[in-house]
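Residue numbers (the working numbering), protein chains in the order written: chain A, 130 to 359; chain B, 130 to 359; chain C, 67 to 305; chain D, 91 to 341; chain E, 91 to 341.
Among these hints, one or two may not hold up.
Stated by the list, open to error - Here are the simulated lysine-lysine pairs, DSSO-like style, with alpha carbons at most 27 Å apart:
| hint | chain 1 | residue 1 | chain 2 | residue 2 |
| --- | --- | --- | --- | --- |
| 1 | E | 205 | E | 169 |
| 2 | C | 268 | C | 201 |
| 3 | C | 296 | C | 285 |
| 4 | E | 230 | D | 271 |
| 5 | E | 298 | D | 298 |
| 6 | E | 116 | D | 230 |
| 7 | C | 268 | C | 152 |
| 8 | E | 271 | E | 230 |
| 9 | E | 230 | D | 116 |
| 10 | C | 268 | C | 187 |
| 11 | D | 230 | D | 206 |
| 12 | C | 249 | C | 261 |
| 13 | C | 249 | C | 174 |
| 14 | B | 339 | E | 169 |
| 15 | E | 217 | E | 206 |
| 16 | C | 152 | C | 279 |
| 17 | E | 230 | E | 205 |
| 18 | A | 339 | B | 183 |
| 19 | C | 255 | C | 184 |
| 20 | C | 249 | C | 268 |
| 21 | C | 243 | A | 285 |
| 22 | B | 285 | A | 285 |
| 23 | A | 339 | D | 230 |
| 24 | E | 206 | D | 271 |
| 25 | A | 183 | B | 183 |
| 26 | C | 296 | C | 108 |
| 27 | C | 243 | C | 187 |
| 28 | E | 169 | E | 217 |
| 29 | D | 298 | E | 169 |
| 30 | C | 249 | C | 187 |
| 31 | A | 285 | B | 183 |
| 32 | B | 339 | A | 183 |
| 33 | C | 108 | C | 174 |
I should point out that these hints are in silico values taken from the structure, not numbers from a laboratory.
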Amino acid sequence: MDFDTIRLYLTPLLEGSVWTLALFFSSAFLAVAVGLITCFARLSSRRAIRTAAKFYIEVIRGTPLLVQLFFIYYGLAEVGIVMSGFVAGTLGLTLNFGAYLAELFRSGIQSIDSGQYEASRALGIRTLQRLRVIIIPQALRNIFPALGNYALVLIKDSSLVAVISVSELMRSGEMLAASTFQSLLVYTLVGAIYFLMCSVISYAFRRGEKNLSIPGYWDGASESSDFSKA
Amino acid sequence: MDFDTIRLYLTPLLEGSVWTLALFFSSAFLAVAVGLITCFARLSSRRAIRTAAKFYIEVIRGTPLLVQLFFIYYGLAEVGIVMSGFVAGTLGLTLNFGAYLAELFRSGIQSIDSGQYEASRALGIRTLQRLRVIIIPQALRNIFPALGNYALVLIKDSSLVAVISVSELMRSGEMLAASTFQSLLVYTLVGAIYFLMCSVISYAFRRGEKNLSIPGYWDGASESSDFSKA
Amino acid sequence: RPLNEVLATKTLNVVTTASNPPHGFLDPGTNTLQGIMVDIAKGIAQHLGVSISFTNVPFAGLIPTLTSGRADLMAAPLFITEERAKVVDFTTPVYGWGEGIIMTADSKQHYPDFESLKGHKIGTLVDSVQYRMLKDMPGTTVSTYQDYPTLLADVRARRIEIGLIDPPSITYQIQSKSIPGLKLDEQYKPQNDWKIGGAVEKGNADLLAAVNKALEQMKQNGELHAILDKWGLSQLMVK
Amino acid sequence: METRTMDPIIAMNGVSKWFGDFQVLKNLDFSVDPGERVILCGPSGSGKSTLIRLINRLEEHQEGTIAVNGIELDDDPHKIEQVRADVGMVFQHFNLFPHLTVLENCSIPLRLVQKKSAREAEELAMKYLSRVRIPDQAGKYPGQLSGGQKQRVAIARSLSMCPRIMLFDEPTSALDPEMVKEVLDTMVELARDGMTMVCVTHEMGFAKEVGDRIVFMDCGQIIESAPPAEFFGAPRTDRAREFLGQVLSQH
Amino acid sequence: METRTMDPIIAMNGVSKWFGDFQVLKNLDFSVDPGERVILCGPSGSGKSTLIRLINRLEEHQEGTIAVNGIELDDDPHKIEQVRADVGMVFQHFNLFPHLTVLENCSIPLRLVQKKSAREAEELAMKYLSRVRIPDQAGKYPGQLSGGQKQRVAIARSLSMCPRIMLFDEPTSALDPEMVKEVLDTMVELARDGMTMVCVTHEMGFAKEVGDRIVFMDCGQIIESAPPAEFFGAPRTDRAREFLGQVLSQH
Ligand SMILES: Nc1ncnc2c1ncn2[C@@H]1O[C@H](COP(=O)(O)OP(=O)(O)OP(=O)(O)O)[C@@H](O)[C@H]1O
Ligand SMILES: Nc1ncnc2c1ncn2[C@@H]1O[C@H](COP(=O)(O)OP(=O)(O)OP(=O)(O)O)[C@@H](O)[C@H]1O
Ligand SMILES: [Mg+2]
Ligand SMILES: [Mg+2]
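Start from the sequences and build out the full structure, keeping to the hints where you can.
What follows is the structure, given as structure tokens:
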């Protein structure tokens, strides 16, 4: 357990971490996009679009991520759609988290006072701009702590992508443990790296939350007194 | 694949389902309680309480549920705290989901206009009643779709409790598949049962959402037009 | 728990895993645990003069259950390895086997040893010892499977040429389900020879001794042979 | 009514509107000429806010026709957009954007809708903020303003869009008499530029000063419509007389 | 000022309050006798809302002392609770509870705070809802009300708690003259029962009618404090004269 051993072990683990982070960033970005689109589809006044969004959300939420990954990687391959493990993993994580984020975004959007829609409509601001400039920034602020939850779950769930042959952090750990027979040490290192990543993301979200707070409104610091004072 | 076989297979699966549902209901209930308490601790004006809540949230969100279950069931047993698998499983799911729910609840509570706090304070309504009667019902309505996400994840994540000797649905399926060599059939049945449970929960949340909607406010049905019309 | 405590409470807590026939599984018809290791554990309890209580966990839970003191004895198809021996104390080996090759019944090709597998399309279970043997073999395509039925199906469908497997499970499966068109390669000489035994908590010497004694007696009086024979695997018994 | 030579810029014919079972507006006819300043008054709950919200389709009517600037309002989003580009509104509850500063509240709509450059938009916004005497609050967020300041931001935000028609829903409710005077002057000035105005107000002094015509509503119907002198001098209906009785007895 | 024999029920001494760098209230002294009806007026942004929000500690002051009913307000939650039990407030923005019906808005606080039975609470609530003429809206939600109706619910909600002191922040801003009269009558009646009132208003007619004393604020300071006849008849300061000039010229 000397330093040299640890350095020796760290090399493959850091390589795995790069894959984990790549999966995280690509699918986080895409999942937010898919989540937004699905959310608006879910809120559409056209019945067909709404139903399609509901169907997507229910199917994804009703099945485990592992099954979805298998389906995309192995199932689609049987009908001739062959993707690399990384692409399939990104796609799977995106589709999975997109469905959950869609419902989270809907929570946020529905928590915005209808007066905000009315004012922006009355000013003539059109649908997309209304959403981008008026509604989403406020909704985002409302759901921000919960959004952090999903970021942290995403980084941990990315380990499932190991089953479709991506050597991300968890898989690197498994292989290292198998070849060195030092599973305790290896898994401790793996856990520490995940925890580190989680802490960084968590910190980023706490900072983001501070930046999003609006003077004169709920800002945690000033109104928190509410819960202990009378 | 005749009916008798399926009936024979269904018996252990249904037994497993009972455990899954028991885990789900007990830990859903407790996790909401833990989530609420943590959320308020997180928002407390006392620094120590706030820090403790943050610490709990970060540790839980930074580690995988599986590790938490191992720690509670096996780790604690080594220092003499021995729980049954079911109790340890409920505890693990509760603590895990409690941390995520705490942040979701905080999202909801912070989305409530400060005028609502002021009005209830001015009326002399005290902290706990203020939360129970004024704040939480409105916050709950705001985060309701996202709460459904957690219910669905909880029922699926309850399958991890298998590692601590609870023969819930997934474990029953594994054993059945192993002894009958009919893994495709068995896992299809298992998947169907999970999907059924998810659909029922999903449906319950959709109904609940309708019940929570307030006339004259955002109610999805009337305001949805916002997204396609001008 | 030390031996005297086990004897005092008159129950032996045994942890097993019920998803590995024929070593241990849950019979859906009777809803009871069955299998070689289950029978062996029962035999040991009989020899100790105590009743038996099973805990059934997935593979990953076996060792923690033992080390956390939730079970006295582990009776599961877990290979005796140096690494595991660092955390638990294994009993004397009871039976064992090496890796085997499964292929279609009409296959003419033979694989005399491990080196001859090079360059072929091979299937194994995910996270199995066989997978670890294969993963670094150059020029070889390795497919991994969640369980044996899917692996066997792919052998029959000729998506893979051979499967590198645990012979006892496959033999039992082919026999009990009468899956046609498959055979084990009799000429294959396994590279490894894994042994299976029970295990007790590290340092629980008197219990280990008592279990070993019971096993020795069962070996002597033929009980062990009878158990393995019942599952068609008497040839695997450690002499 | 000698000015009835032009086509009305707002024309409502036989408009009825229900909220569930409750009929808010009852077969209502209402028209406004270009450049006219119409004051809408009447008891609380009579449907004044609902009426003006129909004009830019924040509410949908169930019967009758509404045409603004010659465009008839129906479900066509394109028409609705056209109408909204011409119609500004000041809300009873202000509806400022809490996440934007006062200056952004006023300038961002200009940039988004009228595609003005950032500098141009801010200059225009500052001009109107100065007009309502709060240029010094430009950097604050709505949550940091007093009631009257919020209301003035709402007025400045709408005015800076320079719409052809302005709808005011009690634009001076939170203002002190000094500021009312200021807003009144601004409105008179805008009207001189030809802006059409429909203004709901309870301040009869303000109504007298600003209005070309007073429309009195009760229970979802228009009861009386007359120039201020006539309306305040000799109301034709008992209901209006009763209503005005309360006003006059007060001051 | 011959009634100054009693102890004041509200006593503010040398109170200063800052929002960040901005000083809203400047070393302000203000006291109200039991049963007195004080009208607070002054230009927008002068600190009127802030002043009354200090009385039930919706804001914290940084300097000076505030005592209500003999209880000095500091960080002690117990004292704050005691004060709030005695002080009712009507907000400028109403702050109704959107998820409760009109009746629940009024009756639930009675049940929670005064431990009244459901029946008793609802009867009391209905009594006050009738007084502000909206018993028929009892089953609706706030989102379904007009502006004036909301304001009346807010008034009924506070009054039904029967507090010893009422703070009103522009209680008639959304009301038509008829309803103003109604609210005014109710307030006069309550004052006859000995309720103390502090009322921010811009309606000078209302102020004249209801006030025992008019307090005029500007820039976070109290400039003048006098009975209505004196204040309206012969304002002592130039600032007040200017302010009133706008009012009088209007009507
Ligand atoms: N969403 C709704 N559902 C049911 N009734 C409604 C709804 N919105 C408004 N109303 C009712 O319609 C009537 C007219 O409302 P409106 O807001 O137009 O009144 P108003 O004339 O503006 O009154 P005020 O002067 O008080 O603002 C009121 O009686 C109100 O209760
Ligand atoms: N949270 C805040 N942060 C910074 N400044 C604030 C904040 N709240 C209020 N102010 C400022 O304090 C001043 C006094 O506000 P206050 O609400 O007391 O005015 P007011 O006399 O009630 O005015 P109005 O008649 O317009 O309601 C205003 O200039 C306002 O901009
Ligand atoms: Mg109105
Ligand atoms: Mg104010």
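Restraint check for residue 205(E) with residue 169(E), where alpha carbons must lie at most 27 Å apart = With a Cα-Cα distance of about 20 Å, the restraint between residue 205(E) and residue 169(E) holds, given a limit of 27 Å.
Pair hint residue 296(C) and residue 285(C), alpha-carbon separation not exceeding 27 Å | Judged against 27 Å, a Cα distance of about 15 Å means the pair holds.
Taking only the CA atoms, is the gap from residue 206(E) to residue 271(D) under or equal to 27 Å?
-> violated, 47 Å
When you check the alpha-carbon spacing of residue 116(E) and residue 230(D), does it fall within 27 Å?
-> holds, 21 Å
Residue 339(A) paired with residue 230(D) [C-alpha distance capped at 27 Å] | holds, 17 Å
Holds or violated: residue 249(C) with residue 174(C), Cα cutoff 27 Å?
-> holds, 11 Å
For the pair we were handed, residue 339(B) and residue 183(A), check the Cα-Cα distance against 27 Å.
-> Judged against 27 Å, a Cα distance of about 15 Å means the pair holds.
Hey, residue 152(C) versus residue 279(C), does the alpha-carbon distance stay inside 27 Å?
-> holds, 22 Å
Starting from residue 255(C), check that the Cα of residue 184(C) is at most 27 Å away, please.
-> holds, 15 Å
Agreement of residue 243(C) and residue 285(A) with the hint, judged by alpha carbon distance not exceeding 27 Å = violated, 40 Å
Given the hinted pair residue 108(C) and residue 174(C), is their alpha-carbon gap at most 27 Å?
-> Violated, at about 43 Å.
Does the alpha-carbon distance linking residue 243(C) and residue 187(C) stay inside the 27 Å limit?
-> Since the Cα atoms of residue 243(C) and residue 187(C) sit roughly 25 Å apart, the hinted pair holds (cutoff 27 Å).
Consistency note: the structure conflicts with the earlier hints numbered 2, 4, 10, 14, 20, 21, 24, 25, 28, 29 and 33.
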